[in-house]
Amino acid sequence: MNFLRKIFAESGKLVEKGKPLSWAYPVWEAADTIFFSTNKQTSSGPHIRDNMDIKRTMFFVVLALIPCYIFGAYNIGYLNSLALDIERSLLANTIFGLTYVLPILIVTFVAGAICELTFAIIRKHEVNEGFLVSCALIPLTMPPDVPLWQVFMGTSFGIIIGKEIFGGVGTNVFNPALTARAFMYFAFPTKISGDKVWAVGPDGYSGATALAIPANPVEYDTASNLFAASTQFDFSLLNMFWGLIPGSIGETNKVLIIGGALFLIYCGIASWRIIMSSVIGLVLTAFLFNLLAGFSSNAMLTITPLQHLLIGSFLFGTVFMATEPVTSSHTNTGRWIYGFLIGVLTVIIRSINPAYPEGVMLAILIMNMFAPLIDYYVIQSNIKMRLARNA
Amino acid sequence: MQKIKIKKGHDINISGLASRDFSSASNPKFVSISPLDFNYIKPKMLVKENDSVSMGDALFFDKNNPEVKWPSIASGTISKIVYGERRAVQEIIIEVDSESEKNNDSFGELNLSSRTDIKKFISKCNMWPFITQRPFNKVVNPDDEPKCIVVSLADSSPLACDLSFSLNDKKDDIVSALSVLKKLTDGPLYVAVRGSNFAFLSDYDFVNLVQVEGPHPSGNVGVILNKVNPINQNEVIWTVQGAHLPILGKLFSKGEYDFSLNINVAGPAVNPSYYKSRMGIQFNCFKSSLKQDEVRIISGNVLTGKKIEIDRFLGFYHSTFSVIEESYERPFIGWLHPGGKTRYSVFNAYFGSNKNSYDFTTLQNGSNRAFVPVDAWEKVFPMDIYINSLARSIEANDVDEMEQLGIYECDEEDVALCSFVCPSKSNVGSIIRKGLDTIYFDK
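Chains as they are written, first to last, in the working numbering: chain A, 3 to 393; chain B, 1056 to 1498.
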């Protein structure tokens, strides 16, 4: 321990103000405070501070994601064993999956760290631990066999265009992780939006997600019947709840996502208002579409509210992406509206335009854009109240 | 009686609360008054070093408002005038002559029936600095007509003096102070109390009693006003420190100066207690109660007080010395710490964290980072103001928006808890002060 302390103390002298290496101070500060909590003291009132800091806030989000990683790895192995029709132990499945997940994870963090640190040095801002969350989220939204160079491109795009050009954490408009996902979705469609990519199998193996089934039915039927007719995977509600279906690495197991949501809400990090209202928005819109389904031959309209909740990455998106504090609404009233519209838009994009079966990504990005506008109107009503009082 | 209930906020459970008992301390040899305790004044001295002064004599006046003069809070000799940069007066230290204090003259029979008479009397005895105004938290301009006057006897800040104890034997002086203050405004005189404390005030119809309930900052003047009678643009309200009521009361009723003040010395690094003391007392008098060497002494409470050296003095508006440990500790991977009794957080992110009597130190517990709006400020800020947007408009220097978002209702002390909980370790109080300064110097 003393040895480490010494290293940091010595290297710290190199990056002091006025020294040739002073440009590297933000990087040194970030590394130093990872190992030893800062001994920075309060200088004026308040002289005492809460023990919570940004490092811990961001670490807790990452902590909530770890179970999704482990299950995601297991699921890759499990679906692969189904495709190959072999028996494998739970551990063997997980290890098989990890050989896919870890490279993606490493590439994401390397790309993310390069971008964040470079910008911290150039723009002379501190390294914000928020990039760890973005980097932890990106692999979970990927299909397992996505090419690593694409991951590198996507992450760099997400961090730079989604965050740094707006000034870094705190001033970004779009969720960086979703920006990365959207970039890859449109830049490399065959590898990420195709319906063959969601499970690892032999060449030509098709691992379609649940959403693709009512989106491209051979013959019109209700979604429930189509799911029941699917022989390749078990798309029953229970199985979709437990997540043993193809999909992005982290999205499939709803138990872990709900657990993560409860954990983050309990800790006071994620906004329950956004999660709650987006679920309400999704359920109401899905219900409305069910009523209209009789007038259309679009099978997507027949997906029941419960199925909408369980299929695709809606829950993952709303819990971990929509609640991102910087890009969501900043007022509590605004958060209700913001979340509700994410739910509504998700169903609309999913159902009306089957070319984009996964609507939640676009729904959140669109609402990221409108969040400041929602806040503007919420705050205007507060201003009007104050003006009326003054009159 | 009006009742207000505050839900948003937090009572910081810091250890070292003084029990309701007076200890004795050595008599002070020096007291001081510092122009730095007053916002927006330009002091011009009226005395020199080695001049002898009696209680109430004018020491200096404000060049912006010459009618406002500061009284000597002791009889004795001006022992030192401390100058800072560009010869700005920082402190006037008076050597106390306790013999001459005993023979202080009284003003005799007073006529305080009309508002003009009262204002004349306050000017004559140099007592305007005891009355401050919102917005801006500065000494009042005697020519203003305040919309109302507020006195909080329900201070909720951490380790604050329990006024229901420290003012227990001063009922008559409190009533005479309030009866005179009421005549300074056409509006109501709000007096905030907690629970059944100061119940005797309900017998007086010139007092609008407000019973407050809930965690800090429920006892702050700004918060009470926000609930009962919000400040609008171009309005001014006046306020007096609850602890100062007996000083004003004795002057208004008997015509005598008496700057004695019951104070408390509290905090984790000190043996806490109440003391019968006086304004502007030197901390040295309580040196023996310190538990350790590496301490930070704060004049005022831990949220809004001022850091002072051990041989310095109590601030003009303060009645508490808080003492906490000056810590330089660097725990290994502290952000990974599971929790337990060594951590304190309003977030539920430390499991089994301390919820009662925690030994706070001066550690900031995290590095400064860009602001991430995790809804922390809002949980401890009870006013109907979007504090996050207000802070942004201040950073953007947008005066119109600051006014629209209600900056006049806020003061540093009202947002101190926001800084306390902020994971990005922002200082919201200094942002608000910056906004108020911008507006003040604009006009």
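Hint data in this document are derived by calculation from the structure and do not stem from the laboratory.
Take the hints with a grain of salt, since some may be wrong.
Unchecked claim - Straight-line distance between alpha carbons at most 25 Å, and here's what the computed SDA-like set of lysine to any residue pairs gives: (1) Lys42/A with Met1110/B; (2) Lys1282/B with Gly169/A; (3) Lys42/A with His1065/B; (4) Lys15/A with Asn1423/B; (5) Lys1135/B with Lys1202/B; (6) Lys19/A with Arg1385/B; (7) Lys386/A with Asn1284/B; (8) Lys1157/B with Ser1079/B; (9) Lys1202/B with Arg391/A; (10) Lys386/A with Ile1494/B; (11) Lys1346/B with Met387/A; (12) Lys386/A with Asn1423/B; (13) Lys19/A with Thr1493/B; (14) Lys42/A with Ala11/A; (15) Lys386/A with Lys1434/B; (16) Lys42/A with Val1350/B; (17) Lys1342/B with Gln382/A; (18) Lys1179/B with Met1110/B; (19) Lys126/A with Ala1451/B; (20) Lys1174/B with Arg1142/B; (21) Lys42/A with Lys1346/B; (22) Lys386/A with Thr1493/B; (23) Lys15/A with Tyr1383/B; (24) Lys1058/B with Met387/A; (25) Lys1489/B with Gly169/A.
Claimed, not checked - Label-pair distances were calculated between CB atoms; the ranges are: (26) Gly20/A with Asn1339/B: 52 to 62 Å; (27) Phe1406/B with Tyr379/A: 31 to 41 Å; (28) Ile260/A with Gln1347/B: 33 to 43 Å.
All C-beta atoms in this analysis are idealised placements derived from N, C-alpha and C, irrespective of residue type, glycine included.
Going down the list of hints, with the structure as the test:
1. Lys42/A with Met1110/B: Violated: lysine 42/A and methionine 1110/B sit about 43 Å apart, past 25 Å.
2. Lys1282/B with Gly169/A: Status violated; Cα separation ~38 Å.
3. Lys42/A with His1065/B: With a Cα-Cα distance of about 24 Å, the restraint between lysine 42/A and histidine 1065/B holds, given a limit of 25 Å.
4. Lys15/A with Asn1423/B: holds, 20 Å
5. Lys1135/B with Lys1202/B: violated, 40 Å
6. Lys19/A with Arg1385/B: At roughly 22 Å apart (the allowed maximum being 25 Å), arginine 1385/B and lysine 19/A satisfy the hint.
7. Lys386/A with Asn1284/B: holds, 17 Å
8. Lys1157/B with Ser1079/B: The hint holds at about 20 Å.
9. Lys1202/B with Arg391/A: holds, 14 Å
10. Lys386/A with Ile1494/B: holds, 21 Å
11. Lys1346/B with Met387/A: violated, 51 Å
12. Lys386/A with Asn1423/B: Given pair lysine 386/A, asparagine 1423/B is violated - Cα atoms ~35 Å apart, limit 25 Å.
13. Lys19/A with Thr1493/B: violated, 31 Å
14. Lys42/A with Ala11/A: holds, 15 Å
15. Lys386/A with Lys1434/B: Roughly 23 Å between the alpha carbons, so the hint for lysine 386/A and lysine 1434/B holds.
16. Lys42/A with Val1350/B: Within the cut-off at roughly 15 Å; holds.
17. Lys1342/B with Gln382/A: violated, 53 Å
18. Lys1179/B with Met1110/B: It holds: about 13 Å lies between the C-alpha atoms, which stays within 25 Å.
19. Lys126/A with Ala1451/B: holds, 20 Å
20. Lys1174/B with Arg1142/B: violated, 32 Å
21. Lys42/A with Lys1346/B: Satisfied, since the Cα-Cα distance of roughly 23 Å is no more than 25 Å.
22. Lys386/A with Thr1493/B: holds, 23 Å
23. Lys15/A with Tyr1383/B: holds, 18 Å
24. Lys1058/B with Met387/A: holds, 23 Å
25. Lys1489/B with Gly169/A: holds, 23 Å
26. Gly20/A with Asn1339/B: 52 to 62 Å: Given range 52 to 62 Å: violated, Cβ gap about 39 Å.
27. Phe1406/B with Tyr379/A: 31 to 41 Å: With a Cβ separation near 39 Å, phenylalanine 1406/B and tyrosine 379/A satisfy 31 to 41 Å, so the hint holds.
28. Ile260/A with Gln1347/B: 33 to 43 Å: violated, 48 Å
Of the numbered hints stated above, those contradicted by the structure are hints 1, 2, 5, 11, 12, 13, 17, 20, 26, 28, listed in ascending order.
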